[in-house]
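As given, the protein sequences belong to chains V and F, one line each in that order. Under this note's numbering, the residues of the first sequence are numbered 1 to 340, in order. Under this note's numbering, the residues of the second sequence are numbered 1 to 340, in order.
If you are wondering where the hints come from, they were derived from the structure by calculation, not from laboratory data. Treat each hint with caution, since some may be false.
Given that identical chains are not distinguished, each listed pair holds provided it fits within a single copy or across any two copies.
[As the list claims (entries may be wrong)] Result set (EDC-like, lysine to aspartate or glutamate): computed pairs, CA atoms no more than 20 Å apart in a straight line: (1) 212 x 145; (2) 237 x 74; (3) 46 x 155; (4) 214 x 322; (5) 298 x 47; (6) 21 x 177; (7) 298 x 49.
2 protein chains.
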Amino acid sequence: MKYVQDIDNINTWLQKFKGNKVFFLVDENTHEYCLPNIISNLPDLKEYEILEVEPGEETKAIEVAANLWMSLAELGAERTDVLINVGGGVVTDLGGFIASTYKRGMSFINVPTSLLAMVDAAQGGKTGIDLGGAKNLVGTFTHAELIYLDASFLETLPDVQLRSGFAEMLKHGLIADKNHWDNASKSYPVITEELIATSAEIKQSIVDEDPKEKGVRKLLNFGHTVGHAIESYLLQKELPILHGEAIAAGMLIEAELSKQYCQLPEQEFEEIVIQIDKVFTRLPILEENIDDILEWLKFDKKNKGGELRFGLLEKIGQGVFDISIAVSVIKTALLNYIPK
Amino acid sequence: MKYVQDIDNINTWLQKFKGNKVFFLVDENTHEYCLPNIISNLPDLKEYEILEVEPGEETKAIEVAANLWMSLAELGAERTDVLINVGGGVVTDLGGFIASTYKRGMSFINVPTSLLAMVDAAQGGKTGIDLGGAKNLVGTFTHAELIYLDASFLETLPDVQLRSGFAEMLKHGLIADKNHWDNASKSYPVITEELIATSAEIKQSIVDEDPKEKGVRKLLNFGHTVGHAIESYLLQKELPILHGEAIAAGMLIEAELSKQYCQLPEQEFEEIVIQIDKVFTRLPILEENIDDILEWLKFDKKNKGGELRFGLLEKIGQGVFDISIAVSVIKTALLNYIPK
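So that you can see chain V by itself, here it is in the shape it has in the complex:
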């Protein structure tokens, strides 16, 4: 994995792969708004094909994957070819999974076009699709050859999309870098390319240290254990929300667990609540939904031997992982999340 800010790096990479085909995976929006700019800046691009999917989480589905594998086969894609994923996390997760399993693995490059994908989804080697309502139930750990970061893609994005990515940026500060938390909190709603790059670097350094999530990478799950359960629950109810909105809720709930189990100071807990509530409105969860959300928690990939394990905070800027928490405690924290 190599994370680059100059498109010439893709050109240089393509020069090595002379003679093979390039495939672009896009959604309707990135096809129109991002792909032309990318193609015009790749003078060494010769033969290429474009595969388009619908935007939205529903696209991370086995039927879509089957169609893409078959399209690649029909277009004569070979194992030595490359897939360039241009889009948000849906496109980079799906495209990474398609590439990592097509003929047992072709290379792929990620060009994230949403803030969330730039600071999180496009890097770290987690690919996947959803199945039976469970997010990323099927996937691989496979790194992109390159990740190309260009903040200008964010100019056309609606605010709600930026907020979604901003949740992950706050998380990077909370688990690993108090300065980054302070800077990102102060800067909002302005999100500079420098802040984006810092977030991406924090994530990359954690992933490099522990690519397969055996240890320190579990820190990145802060906010995600409960957040994913809420996201899956609301998706099943046909009330889809953005990933970052779910993660913001998850961070609030897991910050409370951190206070109880990891000595997160009360004052820092309050600061986290104030900052997150400034950016994100509380989600429409009712007391009677909580048992269903707890059911989704049991699907979590990070569980071990039936226990629920969390990445939590000892203080702002310092996470801890593998913290076992009883279901009854999580239930109380979920109840406390609901505004009175």
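Position chain F against the provided structure of chain V, taking the given hints into account.
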């Protein structure tokens, strides 16, 4: 990957994985004839679940894979659990793929119960399913934790199944070990556990040297480039044949290419033809089918930049790889395969 001949090794492995669930993937036949024996020899096996699929190549399908992923989720399978695949190549290919992609990868153990799986499919880390009629279009390179070899499973197998595996044993001799070719040829129809172990060792040493098929592993494709095309073509025509029968045909055709392009001596070529014809009857291919078979060749995963590349023989016991051959020449070799 560790290849073992004593079931105690699985026991020892399971002891390390205390507290987690074991899942068995079987087909109807191995469920009845092999699984009870395995379970009764695993005193350390505690909680387990059995997933059953239909026997036959049609099982290596995306719909079957989707059902298995969802069954694992419903049964609460976690990333730290293990899948034990008990069956022929269909079960080990499919089960390896399921395990390597479930929640981004759980461990798996292979217990091959057919000769073909023992000497070929169960080892080497190639997992996969078929899609759109193309064999192994979707898959991963992921090694089993253990491969347990027990020749007693072969006692209930019909002769045609043994012949299918025997084709791969002959191939191992042809590409890497003249002694093994001589011994296996002479021994047939008796197939000793010693011969099986030698074949498995030849394959393992090649795979260890080149796990991702960048170089020497391509030798193992001898007979497979044309063989797979024939197999896919006949499957599409609803005339499914066993893998080994296709590979036997592929080896005859590719031996002719070896004579023309790699100086395989005429006398050795004749010896190969006589030995293979002693075991395998020629397949029902007609002159008018040949162009369709050549179309299937273009799907081959091993192609690079549109060229057809082969692993061929310089002499018995010594293969060469990355040999480019023009389609017109392959057409002639296919014609020569058809009995006059």
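Hint-by-hint comparison with the structure:
no.: 1; hint: 212 x 145; in the structure: both (17 Å within a copy, 16 Å between copies)
no.: 2; hint: 237 x 74; in the structure: between (37 Å within a copy, 19 Å between copies)
no.: 3; hint: 46 x 155; in the structure: neither (29 Å within a copy, 56 Å between copies)
no.: 4; hint: 214 x 322; in the structure: within (10 Å within a copy, 39 Å between copies)
no.: 5; hint: 298 x 47; in the structure: between (46 Å within a copy, 18 Å between copies)
no.: 6; hint: 21 x 177; in the structure: neither (41 Å within a copy, 38 Å between copies)
no.: 7; hint: 298 x 49; in the structure: between (41 Å within a copy, 18 Å between copies)
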